[in-house]
Every structure is written in C-alpha cells, then in structure tokens.
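Engineer: Please model the entire structure based on the sequences and the hints provided.
Number of protein chains: 2
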Amino acid sequence: MSNTVYIATSLDGYIADKDGKVDWLHAIPNPTGSDMGFADFMARIDAIVMGRNTFETVVGFDVPWPYDKPVFVLSNTLKTVPDALADKVQLIAGELDAVVSELNAQGYQHLYIDGGKTVQSFLRQDRIDELIIATLPVVLGGGIPLFSALPAPLHFKLVKTQTHLDAIVQSFYQRATD
Amino acid sequence: MSNTVYIATSLDGYIADKDGKVDWLHAIPNPTGSDMGFADFMARIDAIVMGRNTFETVVGFDVPWPYDKPVFVLSNTLKTVPDALADKVQLIAGELDAVVSELNAQGYQHLYIDGGKTVQSFLRQDRIDELIIATLPVVLGGGIPLFSALPAPLHFKLVKTQTHLDAIVQSFYQRATD
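Taken in sequence, the protein lines are chains S and X. Under numbering that gives the first Met the number 0, residues 0 to 177 are what the first sequence spells out, in order. Under numbering that gives the first Met the number 0, residues 0 to 177 are what the second sequence spells out, in order.
Hints may be right or wrong, so weigh each one.
Because identical chains cannot be distinguished in the list, a pair is counted as satisfied if it fits within a single copy or across any two copies.
Stated by the list, open to error - Calculated cross-link-like contacts (lysine-lysine; reagent style DSS-like; alpha-carbon spacing at most 27 Å):
#	residue 1	residue 2
1	Lys116	Lys17
2	Lys20	Lys156
3	Lys116	Lys159
4	Lys159	Lys78
5	Lys159	Lys68
Hints were generated in silico from the structure; no laboratory data involved.
Structural biologist: In structure tokens:
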C-alpha cells in the first residue's frame, strides 16, 4: 500500500497563485509535449484521492477529463457529481484513516493524493509514503501553499531528481524512518 | 554587479526550524566532508550582506568565523560588533538600494545575500539576480520561511541542478526577464 503526492509547486511552495489559478504551470514552453512523467506515474497508481477544491478546479479546466483511473473526492458537503463523470468519480467522506482503509480493502492499494488541503491532511497524519514534487522556476509571492504546519518534522529519502524542459526540477522522495 | 542567494531550505521552505535551529542541516551523513560547492561559490563573490538575526546565529555557532570575505550586517539597532570580528564585519544601515549602491561603489560587485528577512527584502525590490537553493529531504512543518509575500511573481531561469550526498537537491536559477 502506498500514498503518493505528485504535484507541481512554485519555488516558494505554492500550488496555485493568489487568484487560485495554475496558468503559470503551463507558461513554460513545451515544444515536444512532454508530460513530465505523468503517464508513467498514473500507470502505477490504482486510484486518485482529491479534495473538493481540486475536483472543482479540474472540472473547470476546458479539457477532457484527464484521469483514466477512479477518482475519489473527499467531501462532506458535495452530494452529487456531474452526470458525465458518474462512472469516473465517487464522493467519499469520513476520517482519513477510515477512507484509506476502505479504499485499500476495495483493492486500491496505490493512491495518488492530490490537492493542497488533502495532501496537508495526509502529511499531518504521516500517511504520505512518497512525494514527487516538480518545482517551477517562479517565485509567486502568494497563493495556495502545498505544505502547512505539522506537529513534528517528517524525514524523507531522496530517490532521484530529474529536470524537464530545461526549467522544472522534479524530485522523488520516499518517507524515511526517523 | 550581482546579488546572489545561496541557501538551504527544507522541502516546505524553511531555513530554520520552529526553535530557530539549523541542526537538521547537519543531520545528513557527510562522510567525504562535501562542502556542497560553498568554497567555489565563495570564490566568486566579493562580500556578504546579511541581517542581524543571521549574524547573531553565525556568531553563536561553536565554530571559527566561516567567511573569508567581508561581511556587512544590515542593522539599524546594532552599534558594535565583537572585537574579534572587528576586521571582518561591518555594520551597515539604510535603504536597501542605497546600501547596495554604496557597496558596489566600494568595489564589492558580487554580493552574497544571506538570511531570511534580508533575502525577502531584496526579493520584494526585485534585486536578486541569482538563487542557489539546496533543498533538504525533510518537511519541518514550521519555522523561519525563506520566502514571503511579493507584489508580483518573479520569474527565474533554471541554470543547472545537482545533488549532494544522495540527499540534497541544489538548483541554480538566474532572474529571467518577464
């Protein structure tokens, strides 16, 4: 079982800008259409867990639904998902540990944990096994942060690092025993 | 003329922990005594500009004074430096632009800008030309942040990235025209 974060941030650790936008993620010239390892990553996860904010952001993108794995949206307020996504997205509520246990029991062993608040909740409970962080060469100066306060430091082990588009530094970390 | 930041941060962007300590910087096994490029970097700068907090932190380290280049401490409150450092450290006060102009006029063309608040002041005025950031594989969950709010995003260009001790990702950035 594993819970993995795969995300992009600014140099100052924001995953969206002051207006909640991620346009800056797509501002880097990408003539070869590199997916920065996203397809390879998606191939090794069983399902995606995201928060309501991230879900609504993705729904708002003017692109086809980008995920070919089941998506579970953590929300205590949403009651339904759009009809077009009914076979792709399920709502899920409750305590994080219970949610993860339930998904694992359903056979979803390798989870992609997405969205600022969701990642922060998982980190606070030390439930993140792997961090894959792509750092973009911009200091945004404000926005939605990837990280938040923790009761104690969490140590990770650097597995590898690679660059994309001569601009993005993507590093892979696994949780280390303290 | 150039103003360069050379600094280490946690994955969540802290340069010191909740107690203001940097012990975690030295927790990574370093059997070969790698200096992570510090000597090479120091060889190409003319002087160091740091804030009072950083100065007092360095003075508090139980090691010999680590800098062989002139150090200028930005402070409006400090009146004297310890006798032992009288020929190594000078106090300097005033507006950032005036301070930089004065140092440049004295022949200090390439400045190493150090310390959280000092770096933040330089970034707010878009006076940082180069960022050299070493990211350590720990999420501290709180502490003294490297970055702070900015009036507008600052774009940089990735120059190179390298790893140290199989643990630290050090990336070099230069300010890009927007």
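Engineer: Decide, hint by hint, whether the structure agrees.
Structural biologist: Results of checking the hints against the structure:
1. In this assembly of identical chains, Lys116 and Lys17 lie within 27 Å of each other by CA distance both inside one copy and across copies; the values are 16 Å within and 22 Å between.
2. Proximity of Lys20 to Lys156 under the C-alpha cut-off of 27 Å is restricted to the inter-copy arrangement: shortest distance 21 Å between copies versus 31 Å within a copy.
3. Proximity of Lys116 to Lys159 under the C-alpha cut-off of 27 Å is restricted to the intra-copy arrangement: shortest distance 26 Å within a copy versus 31 Å between copies.
4. Neither within a single protomer nor between protomers do Lys159 and Lys78 lie at most 27 Å apart by alpha-carbon distance, with minima of 41 Å and 47 Å respectively.
5. Taking CA atoms no more than 27 Å apart as the test, Lys159 paired with Lys68 passes inside one copy only; the shortest distance there is 25 Å, against 35 Å between copies.
Violated hints amount to a single one, hint 4; each of the other numbered hints is respected by the structure.
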